[in-house]
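J.: Each chain, written out:
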Amino acid sequence: MADLSFDNPLFKQFAFYSGVVIVKTMSMSVLTALNRIRKSVYANPEDCAIGKAMDKECKPTLSDPTVERIRRCHLNDLENVIPFFLIGLLYVSSGPDPATALMYFRIFTGCRLLHTVCYMCQVPQPSRALMFGGGLFATMRMAVDVISKTC
Amino acid sequence: MADLSFDNPLFKQFAFYSGVVIVKTMSMSVLTALNRIRKSVYANPEDCAIGKAMDKECKPTLSDPTVERIRRCHLNDLENVIPFFLIGLLYVSSGPDPATALMYFRIFTGCRLLHTVCYMCQVPQPSRALMFGGGLFATMRMAVDVISKTC
Amino acid sequence: MADLSFDNPLFKQFAFYSGVVIVKTMSMSVLTALNRIRKSVYANPEDCAIGKAMDKECKPTLSDPTVERIRRCHLNDLENVIPFFLIGLLYVSSGPDPATALMYFRIFTGCRLLHTVCYMCQVPQPSRALMFGGGLFATMRMAVDVISKTC
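Chains as they are written, first to last, in the numbering used here: chain A, 130 to 280; chain B, 130 to 280; chain C, 130 to 280.
Simulated from the structure, these hints should not be mistaken for lab results. Source: prediction; values computed, not measured. Don't take every hint at face value.
Identical copies carry no separate label here, and so any pair may be met within one copy or between two of them.
As the list claims (entries may be wrong) - Pairs of lysine-lysine residues, derived as DSBU-like cross-links and limited to a Cα-Cα distance of at most 35 angstroms, are as follows:
| id | residue 1 | residue 2 |
| --- | --- | --- |
| 1 | K141 | K168 |
| 2 | K153 | K141 |
| 3 | K153 | K278 |
| 4 | K278 | K168 |
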C-alpha cells in the first residue's frame, strides 16, 4: 500500500498535486523569457541578437523590476516546491494516513498557487507571507513525520 | 531488497539522512525571513508594510551582507542537497552495498551540517571548502556507481 | 513493469540519462570554484585567504562576467534538470510507452548538454534558446501525461 507506483492511490494523488506545482514552477521560466523579449532586457550580451532581430534597442541588464520579480518568485518556488516533492516522496513511502496526507498535498498546492498570485499581483502583505508559511508548514509537518519514523 | 519503500532498511536510512539535510535547507528560508524582518531589509516594495507595522524605517535592498550570506548558503544547499537526494534515490534502487551506502549518507550529512556552521560563523577557509568538497565527493561517488551500472 | 527499481528497464534508462544531466549540473559548481580561484573573485571576505595563500590580490566581487555566466548556466540547469527528474520519476511510474519515454529522455539530455555548450561558448542565438525549448518541451510533454493520467 505504501509503494511508489500508480497502484497506490495515495502516490497517484501525490503525482497529481506535485505535477501541478512543478508545471507552475516551470512556467516561470516561460514568463521570464516572454518578459525579457517584451522589454528587451537580457542577462547575456549574445541574447541581444533576439532583440535586434525585432528591431528593438538592447539593454543587457540584471535589474529590470518585472523580470527580477518573476525570477524571485521562481527561485522561491524552487526553494519550496522541490523540498515538498522530495519530502512528499519519502512521506508517501512511509505509509501515512491517506486522508491526512491528501490534506497536506492540498494545503501545499493551494498555498503555492496563491503565493504566485500574491507575488505577481503585488497583493498587500501579509498575504504572501501567509501563503509561504502555509506551504512551509505542510512540508515541515511531513518531514517531522518522516524523520520520527526513521530515527 | 533494493526497492524504494520503508521495508528496505537502506531506504529507511536514506530517508532519515536526506530528511535531515532537506529540513536544514528549508530552515534557511526561515532564517532569511527572520533577518529580513529584524533588519528591515526587503526585496519587494510591498514587503515594507511588515516593517511599517512594526514602526521601523524600510530599506528595500538586495545587498544586506547578513541576508545575502544566508541566501548564498541556501543556494549552495539547493545546489548540493537536491542532487544528493536525486542521485541517492537512484543509488539506493541500484542495490548497493548497504555499509558503503550508509557511509556516503553520513559523510554527506556531516559535511553539509558543518558547511552551514562554517558559512554562518565565517570560520576561516579552507574549512568551508573542505566541507563542500566532502559532500560533493559523496554524491559524485554514488553518481559514478549509478551511471556505470546503467550504461 | 512500472516500478521504480533496476528490474524495470525503463527506470534503468531513466537512471542513466538523469544521472548524466545531474553530474553535468554539479560540475558547474566545480567550474565556478576553479574560476573563482583562477581570477581571485570571491563572494565572501573570508574566501580571500585562498587567494592570499596563492599570493594574489583579492577582489571580493559578485560581478565577474565569467563567474556570473557560469552561475547563470548552473541556475538554469537547476531550474530545468530537477523538474525533469521529478516529472520523469512520476512519468516512469505511470507506465508509459517505453520507446516514447526513451525518446523524451534523449531529447532532454541532448538539449541540456548542447545548452551548456551554447552558454559557455557564447554560440550566437537562437541556438541556446532552441536547446532550452527542446528540454522544456520534453519535460512539459511528460508532465501533461502524468497530470492527465492522475486527474
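J.: It remains to establish, for every hint, whether it holds in the given structure.
T.: To see whether the hints hold, each was checked on the structure:
For a Cα distance limit of 35 angstroms, the shortest separation of K141 from K168 qualifies neither inside one copy, at 41 angstroms, nor across copies, at 44 angstroms. Taking identical chains as interchangeable, the C-alpha atoms of K153 and K141 lie at most 35 angstroms apart whether they share a chain (18 angstroms) or sit on different chains (28 angstroms). Both within a single protomer and between protomers do K153 and K278 lie at most 35 angstroms apart by alpha-carbon distance, with minima of 31 angstroms and 18 angstroms respectively. Proximity of K278 to K168 under the C-alpha cut-off of 35 angstroms is found in neither arrangement, the shortest distances being 51 angstroms within a copy and 38 angstroms between copies.
Hint compliance for this structure: hints 1 and 4 are broken, all remaining hints hold.
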